[in-house]
Amino acid sequence: MLLLVAIHLVAAAVAPALTRLMDRRAFLVLALVPAGSLAWILAQTSTVTGPDARAVEQVTPWVPALDLELAFSLGTLSWFLAVLVTGVGALVLVYCAWYFRPGDPEIWRFSAVLTGFAGSMLGLVLSEDFLLLFVFWELTTVFSYLLVGHNPERKANRRAAMNALIVTTFGGLAMLVGIIVLGQRVGTYRIADIVAAEPSGAAVTAAIALILVGAVSKSALVPFHFWLPGAMAAPTPVSAYLHAAAMVKAGIFLVALLAPAFADTPLWRPSLLVLGVLTMLVGGLRALRQHDVKLLLAYGTVSQLGFLMAIVGLGTRNAALAGVAMICAHALFKAALFMVVGIVDRSCGTRDLRQLTGLARRMPVLLVVTVLAAASMAGIPPLTGFVAKETVFAAFEEVARTGDGTGLPSWAGWLVLAGLVVGSLLTVAYSLRFVWGVFADKDGAELPREPDAIPAGFLAPAAVLAVLSLVVGFLGRPWTTLVEGYSTAFPAGEHEEYLALWHGFELPLLLSAVAVAGGVVLHLQRYRTEVLQAQFTRLPDAERGYQWGMRGVDRLAVEVTGATQRGSLPLYLGTIVLALVLVPGFALVRQFDGLGDVVAWQHPAQAVVAVIMAVAAIAAVRSRKRLKAVILVGVAGYGMAVMFVLHGAPDLGLTQVLVETVTLVIFLLVLRRLPAYFSDRPLTIARWWRVAIGVAAGVAVGGFALAASGARTLPPVSEAFAREAYDFGGGENVVNVTLVDIRAWDTMGELSVLVVAATGVASLIFLITGRTGRVRPDEAIDHPSRWLRAGRTLSEERRSVVFEIVTRLVFHMIMVFSLFLVFSGHNEPGGGFAGGLIAGLALMVRYLAGGRHELDEAAPVDAGHLLGLGLVIATLSALAPLAFGGEVLQSAVVDGTLPVLGYVKLVTSLFFDFGVYLVVVGLMLDVLRSLGGGIDRGAEAEAEDDDPSSVPDAAPAEGIS
Amino acid sequence: MIHPLLVSASAPPPIDSPTIQYGDLSPLLVVAAVALLGVMVEAFAPRALRFTIQTALAIGGIVVALAATVWVGLGLDRASGDVLARGRVVAEGAVAVDGPSVFMWGLVLLFALVSMLLFAERRLEGGLSAFTGQAAAPPGSAMEREAVEHRIEHTEVFPLAMFALVGMMLFPAANDLLTMFVALEVLSLPLYLLCGLARRRRLLSQESAMKYFLLGAFSSAFFAYGIALVYGFAGGFGLGDIDQAVSNRIDGQNLLLAGIALMAVGVMFKVGAVPFHAWTPDVYQGAPTAVTAFMAAGTKVAAFGAMLRLFFVAFGGASWDWRPMFWVVAILTMVVGAVAAVTQSDVKRMLAYSSIAHAGFILVGVTGAFVGTRDASVTSVSSVLFYLTVYGFSTIGAFAIVTIVRDASGETTQLSRWAGLGRESPLVAGAFALFMLAFAGIPLTSGFIGKWAVFSAAWSGGAWPLVVVAVLASVVAASFYVRVIVTMFFTEPTGEGPSVAVPSMATTAVIVVAVVVTVLLGVVPGPVLDLAQSAGAFVR
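Heads up: the protein sequence lines correspond to chains A and B, in order. So the first sequence is numbered by the working numbering: it starts at 1 and just counts up by one. So the second sequence is numbered by the working numbering: it starts at 1 and just counts up by one.
In case anyone wonders, no lab produced these hints; they're calculated from the structure. Nothing here was measured: the structure is a model prediction, and the numbers come from that model. Possibly wrong hints are sitting among the right ones.
Derived DEER-like restraints, expressed as beta-carbon distance ranges [said to hold, decoys possible]:
{"no.": "1", "chain 1": "B", "residue 1": "Val371", "chain 2": "A", "residue 2": "Ala418", "range": "54 to 62 angstroms"}
{"no.": "2", "chain 1": "A", "residue 1": "Glu57", "chain 2": "B", "residue 2": "Ser247", "range": "44 to 52 angstroms"}
{"no.": "3", "chain 1": "B", "residue 1": "Leu203", "chain 2": "A", "residue 2": "Ile685", "range": "51 to 59 angstroms"}
{"no.": "4", "chain 1": "B", "residue 1": "Pro324", "chain 2": "A", "residue 2": "Ala534", "range": "30 to 38 angstroms"}
{"no.": "5", "chain 1": "B", "residue 1": "Leu203", "chain 2": "A", "residue 2": "Ala563", "range": "18 to 26 angstroms"}
{"no.": "6", "chain 1": "B", "residue 1": "Pro138", "chain 2": "A", "residue 2": "Ile685", "range": "55 to 63 angstroms"}
{"no.": "7", "chain 1": "A", "residue 1": "Glu57", "chain 2": "B", "residue 2": "Arg200", "range": "57 to 65 angstroms"}
{"no.": "8", "chain 1": "A", "residue 1": "Gly103", "chain 2": "B", "residue 2": "Pro46", "range": "58 to 66 angstroms"}
{"no.": "9", "chain 1": "B", "residue 1": "Ile20", "chain 2": "A", "residue 2": "Arg723", "range": "29 to 37 angstroms"}
{"no.": "10", "chain 1": "B", "residue 1": "Glu146", "chain 2": "A", "residue 2": "Pro570", "range": "32 to 40 angstroms"}
{"no.": "11", "chain 1": "B", "residue 1": "Val182", "chain 2": "A", "residue 2": "Val872", "range": "22 to 30 angstroms"}
{"no.": "12", "chain 1": "B", "residue 1": "Pro324", "chain 2": "A", "residue 2": "Thr402", "range": "50 to 58 angstroms"}
{"no.": "13", "chain 1": "B", "residue 1": "Ser247", "chain 2": "A", "residue 2": "Gln547", "range": "50 to 58 angstroms"}
The beta-carbon is built from N, C-alpha and C at its ideal position, and this holds for glycine as well.
Kindly generate the complete structure, drawing on both the sequences and the hints.
What follows is the structure, given as structure tokens:
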């Protein structure tokens, strides 16, 4: 059976080539594939049908880890469906060979898809594994989508195809959930095993409900019925196949497959019977309103599907028999009728019954075929449709009289039966409307063009089906036997039904007569009913609901996106931070186990500083001016430094002050080029939200810190530091010894990072900062004798004599002080880092007082050289101990008495610290050159662009380096 | 006079030099070496040759690393005392070389290999790569024009991608929190940079890089904060130590929970889970498409790998505490991703939202936390691994197609401009449609098996409501994938239709590979699924 499906798919793959080779005749070759499959299936008849039926199984493993297997089985029910699928499929393919015009450019795609569709439908009915069934289910959805959308130029087709796809995909996925529930519950996905297990319980009820959603949507029952008439935008052969044997029958098949085990599930019968009858009535009424005969048939299909679902879902032995019979009858007549529509459409160029006229005389053979098929649809003896319908009525009569094991109350049985009779009445009426509409002579109607002759091959498939509709009607007895393999899965009722043309004068016959008579009357009164129906066009419409649903999703999508995805960074960040506050914050609060030993303050001054810092922080957030914000942030930073000092960490305090100062100045250098205000817009609500989120985040992070410090279980590692710093590092300043000795490897890495960062900053902000070579003697400076020679390069209003003189006086002192810090750092506050920052600040003062040329004067070196030299010194001093048999970065003390200075004690890590010093100075120089001098030069260049006469000595525009 | 200080005090305990299992780490080391070599090439190779050298170096390095990965994978032994796990912890407990690690190494290397082919595409831009010639030149400036005139290219993209690759390989294999953090940064920083290097629409690209960097820096900071708290709780960085502490300690729960949540923020940001997803559309759209492809596939693997290891190994004992959070995030991610994608009009943004939705689906598998039973049922780890494989290839393929649908101004990412692509180029449109179907999870594409695997693992883990939500989200998601197909095949182009540029062999190869994998994993997923299954559990 895997082979059969595979052959279909292979045929689909070669179909395009085949059509290119032999044009539309290729369909005849393709028809051999389903025809061959049909032959194989028919050969199995004696095994899989009849009273002693036994399913033919075939299992190939597919994905063992996921319990997916290619399990196929041919039982009685699937035998019937497979015969229809392959038989009608073959006929439809034959029909296609005439339906399409020679040289149609699109048939290469169509032929492939249709063959693939036939293959997947066959796979569906043969599947024994529920998941495999789902796979084919979805495949039919996709293929049908491609078929319905075959004629993509028309918007209606596209929309119809889209609707069909979305509705059936939705149903399919709902079904998948149901399948998973069921499969997990039973522990297997084999359909036969699941049916045999007959599981029950709330989960199973839900699963069955979901599976029914899938079946109902696929079979176009109310409220999903609208997709099917829309899908008749497809080429007629597709409609013939889709409506008769494939796609919509999948839902019916699934219900029939599960009915033996699950018909007693609470939701099963009420939902299927109600929806079935409702669909039958709605479809019938709608069909009576149509002018397009193809649309009429499409609504007819909707109506018939409701009928089928009601009988198949009933779940009694009689109903099973009637259901299978009705499925066959419907396939035969519906495929034939659609083919008739296609023939008429092709030869007359219209499907509008207001235009079709006089065809009865011109196409007598077609008339006979149509009448046979339509009579079967209407349930006129001696056709198949009559036999099947009689049995349906009988099955429901049995339920209404005795319950027949369904547990349905008597009134419900009668009500359903009444609904079905009314539905049949409508069926008769629209059958008449169809025949009348296509063939009758109508006053004032005129064909768009003279009809062409119908080729025999075009007509043959429809004729075969019509004749079968007639012949099978006489074969009630063998037919009943065939179905027994399926119907015996249900408990036997009191009254064994059988298929036959004549049961005697019983209620079903009466009901049939009522339906036929009523239908004829309704047809004769067609104008009145049309007027009546026109009154009710405003009834709530499932399609409208669907459209609303789709539009709702669209709308929701727009709203969600609009709300969350504005491209605003603060919003994104706010969301993340909010999540941070909520989730970990919640975790913190939930598991709150007391504050522990929290000491409010060791010194009251700490409280004062904390208040100042808090105020500064709040004010910084509130400020709209950048400058103000930066300064306030600086205040908070200095506060931190004071905290360190108060806590007894002067070294940290010193470093913090220096870092804070450098940061502040760098900020200011950058702010020169930025607008004064963060935003010119007035404060909005959004901003207060941001403040709120910021406060919440601060509280949360503070909470984490508190929790973390309260959770200490081991003594801190720093306790040992003081001792070891002296013993192994030879210094009294623990911080500094930590940096240059205990964790010198760390510092080494940081130094390299610093060098990279400095280089990166410089080259990112400005492609070049004068680092490419030696700093050139500056020709802008022409007074060799003056202090701060470069001060002349500034404009008068920017100069300050006092500042210049003070700078000149203190610069060297600061530089010496910075060196002092390096040397004393091992025992006193200070060290290479602090010293480097101080030297950098001294350079900064020179720059501020005299401009960028002054900076070059003060430090006539390339910053890169300083950075490199620093790194080299640090590395060498790290490696040096190796030469003396020590380890990398090991320290030693050199002491002795020097002539002038007296006793000197030198720890070798000083050299390392000196490397740090140089790197920091180099970094500061780089920052000043790029953020200070570089920005100046940019501004000068801009000024020059504005006014070419000024500043003749401005640097030339930089090219690509 | 020199006193070695050590002599003067009591001798400190000797420190053993670490033992590094170079063989087990060879895939990582090869890639890292290639990255460093790439930097050298930048410095010393003549400009004209750099592109060729870098491409060859990157691709050759990845191939060698792949071979090394296979070698390591074949040599994995069953971990002692564990029935499921294979492999061992190496490099002093820093890296776990086990089944999942090796699988993910192979995966990211494969993704990197095909992405490098996209990086190397030069035919679409008239002989230049898709990366800007001079990143430092302001967009629209004279400098930029000059760079174009001189046909300058940033060949640094290759070493950058290699560095990111190192991070991607290390992140899921890291066995202690510090290594994990370092890997996270190594993986992220080059990507931030790469995002800003698009040749066209440079402002958009730079904006995306800036957003990605800022938000990424924040979430990395949270991750680091989380590490600190967890360290405070467990007293160690090793995932095994943390596992011990989680199982044994009963106090300090607030520290642990806050730490878990903070670390979750970090990894969830990387996978693009809601509410940490906001960067995804902007970055996917702005970044050069080749980078987007690399990032979308590779980062997902790395981040989900790390997430699995972190939460299954280190925090496995606290799964009752973190699973509720994952439930909420998974549902939000699926729903927001699927719903928001519906309204997108830009292909790249649509793919970004789709990646969010897929992150949600994978989270479903993670949340199931199903460790498997004796029979052959699929576990959370192996289902997620399989899903990542499936998703990565389809995604790279889809983005590869985005690079070749072009008009005069470069890539045409407006969805409306894709109308009629099916007629213009049935093959390309067909391939894209295939990827869309795979994303939608239609049977016989790899996407279906992937979804099925994670859903069934989650189901076995008891997370059935999540599975239901996931299926519903799939419905919504399917609708927009289908919309793309409709646009391509069934809509009349307005004005001049789209055109499909003829790419070089590189991009063509990528698309072909992606199509083949997508179909193959849909039809015969068995071998790969078995491979994922045999990757087994994490070593501890």
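Evaluation of the provided hints:
The supplied range of 54 to 62 angstroms is met by B:Val371 and A:Ala418, whose beta-carbon atoms lie about 58 angstroms from each other. The beta-carbon spacing between A:Glu57 and B:Ser247, approximately 49 angstroms, falls within the hinted interval of 44 to 52 angstroms. Between B:Leu203 and A:Ile685 the CB atoms are about 29 angstroms apart, so this pair departs from the stated range of 51 to 59 angstroms. The beta-carbon spacing between B:Pro324 and A:Ala534, approximately 57 angstroms, falls outside the hinted interval of 30 to 38 angstroms.
For B:Leu203 and A:Ala563, the hinted distance range of 18 to 26 angstroms is satisfied, since their beta carbons lie about 25 angstroms from each other. In this structure the supplied range 55 to 63 angstroms is violated for B:Pro138 paired with A:Ile685, their Cβ-Cβ distance being about 35 angstroms. The beta-carbon spacing between A:Glu57 and B:Arg200, approximately 59 angstroms, falls within the hinted interval of 57 to 65 angstroms. Checked against the given bound of 58 to 66 angstroms, the beta carbons of A:Gly103 and B:Pro46, roughly 59 angstroms apart, stay inside it.
At about 33 angstroms, the CB distance of B:Ile20 to A:Arg723 agrees with the hint of 29 to 37 angstroms. A hinted range of 32 to 40 angstroms holds for the C-beta pair B:Glu146 and A:Pro570, which are about 36 angstroms apart. Distance hint check for B:Val182 and A:Val872: the Cβ-Cβ separation is about 27 angstroms, which falls inside the suggested range of 22 to 30 angstroms. Taking 50 to 58 angstroms as the suggested C-beta distance range, the pair B:Pro324 and A:Thr402 conforms, at roughly 54 angstroms.
Checked against the given bound of 50 to 58 angstroms, the beta carbons of B:Ser247 and A:Gln547, roughly 56 angstroms apart, stay inside it.
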